[in-house]
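Each chain, written out:
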Amino acid sequence: MKRIISAVLVAWTLCVSLASAQDLAGSPIQTLLQEHRALIEKASRKTIQPAIDALGESGLPQAQVVLEKWQDKELWQRESDGLFFFAEKVDSTTWRLIDIDTGAPVGEVDKGEIDQLKPNSGVRSLIGATLVQFQLLDPDPAKRIEALDAIQRDPEESHLAALAGSIEKEPDPEIRTRKERLVRLLTISWSESEEDRIAAIESFKGDLGVDTRAALNPLVATIREVAEGEIPQGVNLAARLRPGSEALPAAEAYALLVGNGLAPERIDADARLAALQQNIVEGRVGGVPLAQLDTEEARDRAYAALAEAGVVPPTALQADVDAALAAHVFYDRYAEPNAVITEAANETLSSINTQVGLNQALDLGLDALSLASIYFLAAIGLAVTFGVMGVINMAHGEFIMMGAYTGYVVQQLIPDYTISILVALPMAFAVTFAAGVALERLVIRWLYNRPLETLLATFGISIALQQLAKNIFGTQARPLTSPGWLDGALVLNDVVSISYIRIAIFVLALIFLFLFLFIMNRTRIGLEVRAVTQNPRMAASMGINPDRINMLTFGLGSGIAGIAGVAIGLYAKVTSELGADYIVQSFMTVVVGGVGNIWGTLLGATMIGFLQKGIEWLNPSNTLAAQTYMIIFIIIFIQFRPRGIIALKGRAAGD
Amino acid sequence: MTRSFFARNPSVLIFIAVLAVFTLAVTLASEATGTGALSTSFVKTLGKTLCLCLVAIAMDLIWGYAGILSLGHMAFFGLGGYMIGMWLMYARTEAIVATSMANAQIPPTDQEIVDAIGTQIFGVVGSSDFPPIWIFADSLALQLMLVVLVPGLLALVFGWLAFRSRVTGVYLSILTQAMTLALSLYLFQNDSGLRGNNGLSGLQNLPGANNIPQADISLWFFWASAFALGVGYLLAAWIVSGKFGSVIRGIRDDEARVRFLGYSVEGYKLFVFTITAIIAAIAGALYYPQAGIINPAEIAPIASIYLAVWVAIGGRGRLYGAVIGAAFVSLLSTMFTGGQVPSVPLGFYTIDWVDWWQVLLGLSFVLVTLFAPKGIGGLVDLVTGRRPPDRHGADLGPDKGSLQEREAEQ
Numbered sequence: 001m002k003r004i005i006s007a008v009l010v011a012w013t014l015c016v017s018l019a020s021a022q023d024l025a026g027s028p029i030q031t032l033l034q035e036h037r038a039l040i041e042k043a044s045r046k047t048i049q050p051a052i053d054a055l056g057e058s059g060l061p062q063a064q065v066v067l068e069k070w071q072d073k074e075l076w077q078r079e080s081d082g083l084f085f086f087a088e089k090v091d092s093t094t095w096r097l098i099d100i101d102t103g104a105p106v107g108e109v110d111k112g113e114i115d116q117l118k119p120n121s122g123v124r125s126l127i128g129a130t131l132v133q134f135q136l137l138d139p140d141p142a143k144r145i146e147a148l149d150a151i152q153r154d155p156e157e158s159h160l161a162a163l164a165g166s167i168e169k170e171p172d173p174e175i176r177t178r179k180e181r182l183v184r185l186l187t188i189s190w191s192e193s194e195e196d197r198i199a200a201i202e203s204f205k206g207d208l209g210v211d212t213r214a215a216l217n218p219l220v221a222t223i224r225e226v227a228e229g230e231i232p233q234g235v236n237l238a239a240r241l242r243p244g245s246e247a248l249p250a251a252e253a254y255a256l257l258v259g260n261g262l263a264p265e266r267i268d269a270d271a272r273l274a275a276l277q278q279n280i281v282e283g284r285v286g287g288v289p290l291a292q293l294d295t296e297e298a299r300d301r302a303y304a305a306l307a308e309a310g311v312v313p314p315t316a317l318q319a320d321v322d323a324a325l326a327a328h329v330f331y332d333r334y335a336e337p338n339a340v341i342t343e344a345a346n347e348t349l350s351s352i353n354t355q356v357g358l359n360q361a362l363d364l365g366l367d368a369l370s371l372a373s374i375y376f377l378a379a380i381g382l383a384v385t386f387g388v389m390g391v392i393n394m395a396h397g398e399f400i401m402m403g404a405y406t407g408y409v410v411q412q413l414i415p416d417y418t419i420s421i422l423v424a425l426p427m428a429f430a431v432t433f434a435a436g437v438a439l440e441r442l443v444i445r446w447l448y449n450r451p452l453e454t455l456l457a458t459f460g461i462s463i464a465l466q467q468l469a470k471n472i473f474g475t476q477a478r479p480l481t482s483p484g485w486l487d488g489a490l491v492l493n494d495v496v497s498i499s500y501i502r503i504a505i506f507v508l509a510l511i512f513l514f515l516f517l518f519i520m521n522r523t524r525i526g527l528e529v530r531a532v533t534q535n536p537r538m539a540a541s542m543g544i545n546p547d548r549i550n551m552l553t554f555g556l557g558s559g560i561a562g563i564a565g566v567a568i569g570l571y572a573k574v575t576s577e578l579g580a581d582y583i584v585q586s587f588m589t590v591v592v593g594g595v596g597n598i599w600g601t602l603l604g605a606t607m608i609g610f611l612q613k614g615i616e617w618l619n620p621s622n623t624l625a626a627q628t629y630m631i632i633f634i635i636i637f638i639q640f641r642p643r644g645i646i647a648l649k650g651r652a653a654g655d
Numbered sequence: 001m002t003r004s005f006f007a008r009n010p011s012v013l014i015f016i017a018v019l020a021v022f023t024l025a026v027t028l029a030s031e032a033t034g035t036g037a038l039s040t041s042f043v044k045t046l047g048k049t050l051c052l053c054l055v056a057i058a059m060d061l062i063w064g065y066a067g068i069l070s071l072g073h074m075a076f077f078g079l080g081g082y083m084i085g086m087w088l089m090y091a092r093t094e095a096i097v098a099t100s101m102a103n104a105q106i107p108p109t110d111q112e113i114v115d116a117i118g119t120q121i122f123g124v125v126g127s128s129d130f131p132p133i134w135i136f137a138d139s140l141a142l143q144l145m146l147v148v149l150v151p152g153l154l155a156l157v158f159g160w161l162a163f164r165s166r167v168t169g170v171y172l173s174i175l176t177q178a179m180t181l182a183l184s185l186y187l188f189q190n191d192s193g194l195r196g197n198n199g200l201s202g203l204q205n206l207p208g209a210n211n212i213p214q215a216d217i218s219l220w221f222f223w224a225s226a227f228a229l230g231v232g233y234l235l236a237a238w239i240v241s242g243k244f245g246s247v248i249r250g251i252r253d254d255e256a257r258v259r260f261l262g263y264s265v266e267g268y269k270l271f272v273f274t275i276t277a278i279i280a281a282i283a284g285a286l287y288y289p290q291a292g293i294i295n296p297a298e299i300a301p302i303a304s305i306y307l308a309v310w311v312a313i314g315g316r317g318r319l320y321g322a323v324i325g326a327a328f329v330s331l332l333s334t335m336f337t338g339g340q341v342p343s344v345p346l347g348f349y350t351i352d353w354v355d356w357w358q359v360l361l362g363l364s365f366v367l368v369t370l371f372a373p374k375g376i377g378g379l380v381d382l383v384t385g386r387r388p389p390d391r392h393g394a395d396l397g398p399d400k401g402s403l404q405e406r407e408a409e410q
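In order, the protein sequences belong to chains W and V.
If you number the first sequence the way this note's numbering does, the last residue is 655 and the count never jumps.
If you number the second sequence the way this note's numbering does, the last residue is 410 and the count never jumps.
For reference, chain W alone in the conformation it holds in the complex (with noise of 0.2 Å):
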């Protein structure tokens, strides 16, 4: 009975399992697989494309996750019956198999009794290819994008077709204009045809991508060749270059010859050295004297002797170079054959660089703007005392440091940087303008009208302030960090960014210009001011207090000094030294721009700015050299305008 029970419990357990796997063999996606099993099984880039192309093009929704699956080595093969299945590992043994239809498990094996498929790289790029069709296609579009972003970062020809066979059901129009640039640049680089290439190359003409330039370049890039008598027919020739001239040096020249096994190597200096004094015989290296060895012919000569002898292998001498050169010509070619195509790449990349050019120019005056507008912010406290006052205030830039310093104080106390850099523009004022006001009523005021004198003290006031913030903060650079919100740039695009910072340092200028010219104009104080500049006794007849007016004014472009300290410690590091690099740009400013003018100074700042950048961009390596010519710049422009782009005239302009 035992026997019958567990003989029929045998046959039930085999006709299920037969049964099941009758029905595992039976959905479409196992059928397609089993159809190409045996392609699939001995799979090798050039056979498997069959494989992958049914599977792509069954339209089945499984495809995807079994091609994702067999790219990964994630599919396994059964032994028995050669079904696929996908699995998980349960112990070191046993592993739990998983339908590729339902996702459901369907029991659990011994390792032994399945087969890993295990694709070569070659197979698994193809599969890839064949993937990146599903991913354009994925209904989520940020798998879209991931798609087209990893395209574009590795773009391979297999891309082309399935990419432009994605714009047709493309619904997101964003990612279409996307797709349709991505196609026009792979189009570039893989596609068949020459007029679709021409087509494309003309496309992007103007076009300011990186990721063009990228395409084109390969274009024309050139290979340099060298020839016996004729350029070869049929080259697609970049230039022909001549030896000795600066694009090709007599040295590199020859090189290329002897590399091209086209002429005899030529020993160089050292090892002919070496060369001879290992053969001194008896006072004389191949007959010549030592003595006479102090000149290049002569050694030259005492080497041929040599070689002659059979003792030092023979070389090419000076007057075999210049033979060898006169007879090859050198030339670039390029890598392309086709020079319809070099030529339009040329065409659109004289476009594009024209572009960029313009867009760098435009870049460049941002970047001057926003210096302009920070010798601006340096000079506008200065302006004041030196052009409202006529008082020279060497120690202005340290006031910029206190200033600045006072930022870096203000920010360990708070460690919140936005509020911190809130709370640090009113102290910084307030700190410079209690120092301004001490300055002018300790120093400054004995010495109005003796304006030299006023130099030589403030300057003493300079050198003693400096030290005093060494002693105080040491000599490393302090940080003063911007506020989170000020990261990062703004990106026009790829050629135009500018910085937050720089625009809020922008702002901050423009609102000090318009506060000046509101407190000048349009206040009691501002009336005031005017009226002890033009003529304080007058003034003072009038009711008005030129003492108080002095000291008021003084301490206002000390306080301006002060915010701009804080602006400027925002970019860059704050060190004893930080005002005395921007003192002599500052009076610069204020004496190119025309004294007594707060619109001047503002030209006088743009000029500088502007013209400081130009140098460095003419120049680029060298911000020291572009310092250096715009301060000689300044030298002769004041020869023509003594006075300033903007002069007072009668009686305003006193003395």
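If you are wondering where the hints come from, they were derived from the structure by calculation, not from laboratory data.
As the structure is a computational prediction, the values presented were derived from the model and not from experiment.
We put the beta carbon where it would ideally sit given N, CA and C, even for glycine.
Don't take every hint at face value.
As the list claims (entries may be wrong) - Now the in silico label distances, taken between C-beta atoms and shown as ranges:
1) V:Thr99 - W:Gly287: 25 to 33 Å
2) W:Arg548 - V:Tyr349: 50 to 58 Å
3) V:Ser333 - W:Thr481: 31 to 39 Å
To be verified - Short, incomplete list of chain W residues facing chain V, as computed with Cβ under 8 Å:
4) Trp446
5) Ile511
6) Ile638
Use these hints to put chain V onto chain W, whose structure you have.
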């Protein structure tokens, strides 16, 4: 008016006598020729101080007498140093290279020698080619001429441009400061041809004088500096004593009035500017072989401002004032920054003079400007009992900013 130059300027004789006695004393106390009471490095310091006194005289001429606050004379001083430094460096490197190459069995070609020197000198800035400005570096005579010519021509061109467009007063000061800044920034570049911020070094080793001890060399330079100072003082005293001196003092006090009297104000200014630049350059050419190294930081505008500080503290408008100021402040500076002055413990804080000297200097400079515009030299007036002319406190000129009488007695 038949009285001799010395009779009219007794201070010149006194100065020369003091300088001679000082030189003799140092010679007798030096290691090379005397008791050895003064170390070689101190003799060098004294020699350098004499050079600084010479450039201070130049500064006094241009500022104290002609009223032009130039913030560029230390640039001329540095340029003079660079010019002589080029020869010193080239000649010495050439000697070293020649010695090392003499051992080779095959004599080097001329090009190899030049290349080796170039590699030695410019290797530090990643180059081995001689820049064109070194073309005369192998000749002492030509390079000595350049000591005078380069700063002289620079001063001439700059002065001509500045004075003809009537840039005066603080504007001129700022312009000269800009020139100094431009020059030092230019020299800071590695491709300026003068070794960038490394500057020229090893200048204390005279070429061909390997066997002569530094003690002797330091004394020679001390004598040379003392001689140059004496000659410079005489020249300056002669320039300011005659009619010429009256004109430049007139320009200082009221430029417009002198112009209306028919003098070519620009010409006078240009002459004084150029001659003082040359004096500064010669002082620099004597200073840097004693200092041993020159780099662009020495030319930075701050150096020129310190020069003005020395002259102001010593007393403008009198030549011996400038000398006293330069010697006093620069020696004091060396002492304080060299840590030779003991710190002052205040209980809660110890004043370390290395850190606080600049603060002290800056503040005392302000005090001198405010309360003692005559400087240290003003003490001499107390001894001689000299009184300024009594004009009841009126300005000496009609312009605001013209000197008050208590500042303009020279």
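Hey, does the Ile638 of chain W contact hint survive, CB to chain V under 8 Å?
-> holds (6 Å)
Cβ separation of Arg548 of chain W and Tyr349 of chain V, checked against the hinted range 50 to 58 Å | violated (37 Å)
Under the criterion of a CB-CB separation shorter than 8 Å, is Trp446 of chain W in contact with chain V as hinted?
-> holds (6 Å)
Lying within 25 to 33 Å: is that true of the beta-carbon distance Thr99 of chain V to Gly287 of chain W?
-> holds (30 Å)
Does the Cβ distance between Ser333 of chain V and Thr481 of chain W fall inside 31 to 39 Å?
-> With Cβ atoms ~38 Å apart, the hint holds.
Is the hint on Ile511 of chain W kept, meaning its closest Cβ partner in chain V is under 8 Å away?
-> Interface hint status for Ile511 of chain W: violated (28 Å vs cutoff 8 Å).
Hints 2, 5 from the list above are not met by this structure, while the remaining hints are.
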